[in-house]
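Enquirer: Take a look at the letters that make up each chain.
Number of protein chains: 2
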Amino acid sequence: MTHETLGSNAEAGASAGLVATQSVRLFDEENPLVLESGETLAPVDVAYETYGELNAERSNAIIFCHALTGDAHAAGHHGEPKTDGWWDSMIGPGKPVDTNTYFVVCSNLLGGCSGTTGPSSIDPKTGTPYGLRFPHFSVRDLVEVQRRLLKDLGIERLYAGIGGSLGGMQILQWAIDHPGEMKNALVICASSRLTPENIAFSSVARNAIMRDVNFQNGDYYGTDRQPDSGLSVARMLGHITYVSEQALERKFGRERRDTQGPTFGIDFQIESYLDHQAEKFLGRFDANTYLYLSRVMDYFDPFADEEAAVARLRENPTRFLVVSFDTDWRFSTAHSLEIGRVLEQAGCDFVREEIASPWGHDSFLLPVPDYHQLVRDFLAGKR
Amino acid sequence: MTHETLGSNAEAGASAGLVATQSVRLFDEENPLVLESGETLAPVDVAYETYGELNAERSNAIIFCHALTGDAHAAGHHGEPKTDGWWDSMIGPGKPVDTNTYFVVCSNLLGGCSGTTGPSSIDPKTGTPYGLRFPHFSVRDLVEVQRRLLKDLGIERLYAGIGGSLGGMQILQWAIDHPGEMKNALVICASSRLTPENIAFSSVARNAIMRDVNFQNGDYYGTDRQPDSGLSVARMLGHITYVSEQALERKFGRERRDTQGPTFGIDFQIESYLDHQAEKFLGRFDANTYLYLSRVMDYFDPFADEEAAVARLRENPTRFLVVSFDTDWRFSTAHSLEIGRVLEQAGCDFVREEIASPWGHDSFLLPVPDYHQLVRDFLAGKR
Numbered sequence: 001m002t003h004e005t006l007g008s009n010a011e012a013g014a015s016a017g018l019v020a021t022q023s024v025r026l027f028d029e030e031n032p033l034v035l036e037s038g039e040t041l042a043p044v045d046v047a048y049e050t051y052g053e054l055n056a057e058r059s060n061a062i063i064f065c066h067a068l069t070g071d072a073h074a075a076g077h078h079g080e081p082k083t084d085g086w087w088d089s090m091i092g093p094g095k096p097v098d099t100n101t102y103f104v105v106c107s108n109l110l111g112g113c114s115g116t117t118g119p120s121s122i123d124p125k126t127g128t129p130y131g132l133r134f135p136h137f138s139v140r141d142l143v144e145v146q147r148r149l150l151k152d153l154g155i156e157r158l159y160a161g162i163g164g165s166l167g168g169m170q171i172l173q174w175a176i177d178h179p180g181e182m183k184n185a186l187v188i189c190a191s192s193r194l195t196p197e198n199i200a201f202s203s204v205a206r207n208a209i210m211r212d213v214n215f216q217n218g219d220y221y222g223t224d225r226q227p228d229s230g231l232s233v234a235r236m237l238g239h240i241t242y243v244s245e246q247a248l249e250r251k252f253g254r255e256r257r258d259t260q261g262p263t264f265g266i267d268f269q270i271e272s273y274l275d276h277q278a279e280k281f282l283g284r285f286d287a288n289t290y291l292y293l294s295r296v297m298d299y300f301d302p303f304a305d306e307e308a309a310v311a312r313l314r315e316n317p318t319r320f321l322v323v324s325f326d327t328d329w330r331f332s333t334a335h336s337l338e339i340g341r342v343l344e345q346a347g348c349d350f351v352r353e354e355i356a357s358p359w360g361h362d363s364f365l366l367p368v369p370d371y372h373q374l375v376r377d378f379l380a381g382k383r
Numbered sequence: 001m002t003h004e005t006l007g008s009n010a011e012a013g014a015s016a017g018l019v020a021t022q023s024v025r026l027f028d029e030e031n032p033l034v035l036e037s038g039e040t041l042a043p044v045d046v047a048y049e050t051y052g053e054l055n056a057e058r059s060n061a062i063i064f065c066h067a068l069t070g071d072a073h074a075a076g077h078h079g080e081p082k083t084d085g086w087w088d089s090m091i092g093p094g095k096p097v098d099t100n101t102y103f104v105v106c107s108n109l110l111g112g113c114s115g116t117t118g119p120s121s122i123d124p125k126t127g128t129p130y131g132l133r134f135p136h137f138s139v140r141d142l143v144e145v146q147r148r149l150l151k152d153l154g155i156e157r158l159y160a161g162i163g164g165s166l167g168g169m170q171i172l173q174w175a176i177d178h179p180g181e182m183k184n185a186l187v188i189c190a191s192s193r194l195t196p197e198n199i200a201f202s203s204v205a206r207n208a209i210m211r212d213v214n215f216q217n218g219d220y221y222g223t224d225r226q227p228d229s230g231l232s233v234a235r236m237l238g239h240i241t242y243v244s245e246q247a248l249e250r251k252f253g254r255e256r257r258d259t260q261g262p263t264f265g266i267d268f269q270i271e272s273y274l275d276h277q278a279e280k281f282l283g284r285f286d287a288n289t290y291l292y293l294s295r296v297m298d299y300f301d302p303f304a305d306e307e308a309a310v311a312r313l314r315e316n317p318t319r320f321l322v323v324s325f326d327t328d329w330r331f332s333t334a335h336s337l338e339i340g341r342v343l344e345q346a347g348c349d350f351v352r353e354e355i356a357s358p359w360g361h362d363s364f365l366l367p368v369p370d371y372h373q374l375v376r377d378f379l380a381g382k383r
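Residue numbers (this note's numbering), protein chains in the order written: chain D, 1 to 383; chain V, 1 to 383.
These aren't lab readings, by the way, just hints derived from the structure by calculation.
No residue lacks a Cβ here, since even glycine has one placed at the ideal position from N, Cα and C.
There's no promise every hint is true.
If you want a taste of the chain V side facing chain D, the calculated C-beta under 10 Å gives, among others [as the list claims (entries may be wrong)]:
1) GLU29
2) PRO32
3) HIS136
4) ALA208
5) GLY222
6) GLU245
Below, a list of computed lysine to any residue pairs in the SDA-like style, where the Cα atoms sit at most 25 Å apart [stated by the list, open to error]:
7) LYS251(D) to LEU337(V)
8) LYS251(V) to ASN217(D)
9) LYS125(D) to THR263(V)
10) LYS280(V) to ASN217(D)
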């Protein structure tokens, strides 16, 4: 298939020893993507980036799966405007996932809005963006699209798969569904089953988007009315759950801006932070993608039939690393304990560790020393 | 002053030995309310209810202060349509606050939307509703309006003041500001200082309201566009914080409605619950009141100057009961511990207790046996 370089960042990427975002059509009318639901989708284009070099044995590939609001730009420093990859602290020469050793692939997820086919893409049947006519899909579908990408890149076995949050859910599903394909599975602050509280937060975020009068039932593309209010509120709410109470205390406390007493504007620094997060998000994210990917998380439940799951995991050769952070209250250690419980029952080879970090769910993106050392050691087989 | 009975519920109220909602003008052009900020406000009407009989010594009065979304209808079963008072499990004949013994008063707060002057009231200067031109006010102002109501009812000293959440904040402020006026102060799942996370949740709720395109900068009254979307989202979000994770797990789990797989409607029972809460709320609450009262909570900080607070509390004759619930994560026990710490430093007579209850912040409104026994015993001087 033809791989196309997106944008004019090849030079920037190359200068850092990295490749800029590329795009490839993985499914077309003749070979559509067949979703777990049975529905088909075509064409499906996928945006991806790679870092490092695939070795001759094709044995050093690592897939990174992104979380709810991620994209293919996991590492390096490029794009227009130039931005750091979202997991640049983890991936690169000399970093925990050392691109002098490993060949790293990261793609924008199915349903995404950063180069991969999603609800903002043109539906060939109508010539207009899918909007809410885009089919629902599952974590398994997210995995299958990425497996096809790897096949296209000539990769049949992975040295490792790594993901945090929704990313970790994909890694877990991948390792369960395809024994032997992933040597090491790093499942970081993920969940095998959202709690009703988790679902509630996502539901409120979706309500903020869908009740926005500018949402127009998802057909806001190309109109002069965008559901920016709803998407802002969703993002602000998300950020509360990404950060621990103590991190907010440490970073903002009750510090005020220099206002003269109560207003309904931005009086407290914490309000300024939330407002800034919303503002940044609007420029890069699509409201419909938020709906689809958050709904995918709600339904993820690979251990629903626990007996079957345990049976499937028996003799699975994958080594699992299950990591949580002590202050993460979005997917607390209880979620990781549950994953560990099932892996243990199935006799899997796994390490489960809770890392101390004040930053809550966000910790997985931050250079927490114990955590980075753990990832490095686990990949080297020292853990 | 003239006390007017609101609505046609006198009979229903009387039959239960209760009085229906009444209204009284407490401040007028000649005697305006002077707010802590120095601004003045007039007229100020206050809606209130009373239960039980004031004794001859006028020594058995108890004030109940309501929380963010409460009203004067704390007990009994009346109104149109008939509704239970929001704290009916606590107040009534034979109940923990026994109306055979005590005379109970509860009023709708300043800034409210259920009979007391607030942003939806007519500004006499313009002849139109205040909207966001209503002045900002403080917890101290909330207290002063209620003190004036009591004065008008001929009550100079209170046997007790009781409040949960924002209600407890008022009780705390009252006891600090007016030593000797309140014999017993029951401060229930309250806070002396919101954390940045608390403020963040309120900020997102306010953003949902104010970014709603139908908000019209607060001047939505009488138009055909109301900020219902924003108010719904605010309410849903509030409810997540009122209930503990384990209560949601117990009540809803991951139970689904009978849908055929993913939709963006109401797939999970928890979503149905949130939707129902939003729906009920829209009929009875005003978005601007939500803004004002939540902002009041953000700024509440009676121990900001701790030395001064301790000095003021010394030799305060009030007995304090400070109650928290182990699963309350809106105002966790840490908030009550902080109140207790300052009371202890000042040598106050106080009992601080954490009650085990699975229901989170909502517990204060529920008939949790240990909690009700504690309130009963404390009022009887047995604790």
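Enquirer: A separate judgement is required for each hint: does it hold in the structure or not?
Expert: Against the structure, the hints come out as follows:
Interface restraint check for GLU29(V): the shortest CB-CB distance to chain D comes to about 25 Å, outside 10 Å, so the restraint is violated. Interface restraint check for PRO32(V): the shortest CB-CB distance to chain D comes to about 20 Å, outside 10 Å, so the restraint is violated. The restraint placing HIS136(V) at the interface with chain D holds, with a minimum CB-CB distance near 4 Å, inside the 10 Å limit. Annotation: ALA208(V) was flagged as interfacial toward chain D, and the flag holds, the nearest CB pair being 5 Å apart, inside 10 Å.
At about 19 Å, the closest approach between the beta carbon of GLY222(V) and any beta carbon in chain D exceeds 10 Å, and the interface hint on this residue is violated. With a cut of 10 Å, the hint placing GLU245(V) at the interface with chain D holds, because the nearest CB-to-CB distance is about 5 Å. Of the supplied pair hints, the one linking LYS251(D) and LEU337(V) holds, its CA atoms being roughly 23 Å apart against a limit of 25 Å. Taking the CA atoms of LYS251(V) and ASN217(D), the gap is near 31 Å; set against the 25 Å cutoff, the hint is violated.
Restraint check: the Cα-Cα separation between LYS125(D) and THR263(V) comes to about 22 Å, which is no more than 25 Å; the hinted pair holds. Taking the CA atoms of LYS280(V) and ASN217(D), the gap is near 24 Å; set against the 25 Å cutoff, the hint holds.
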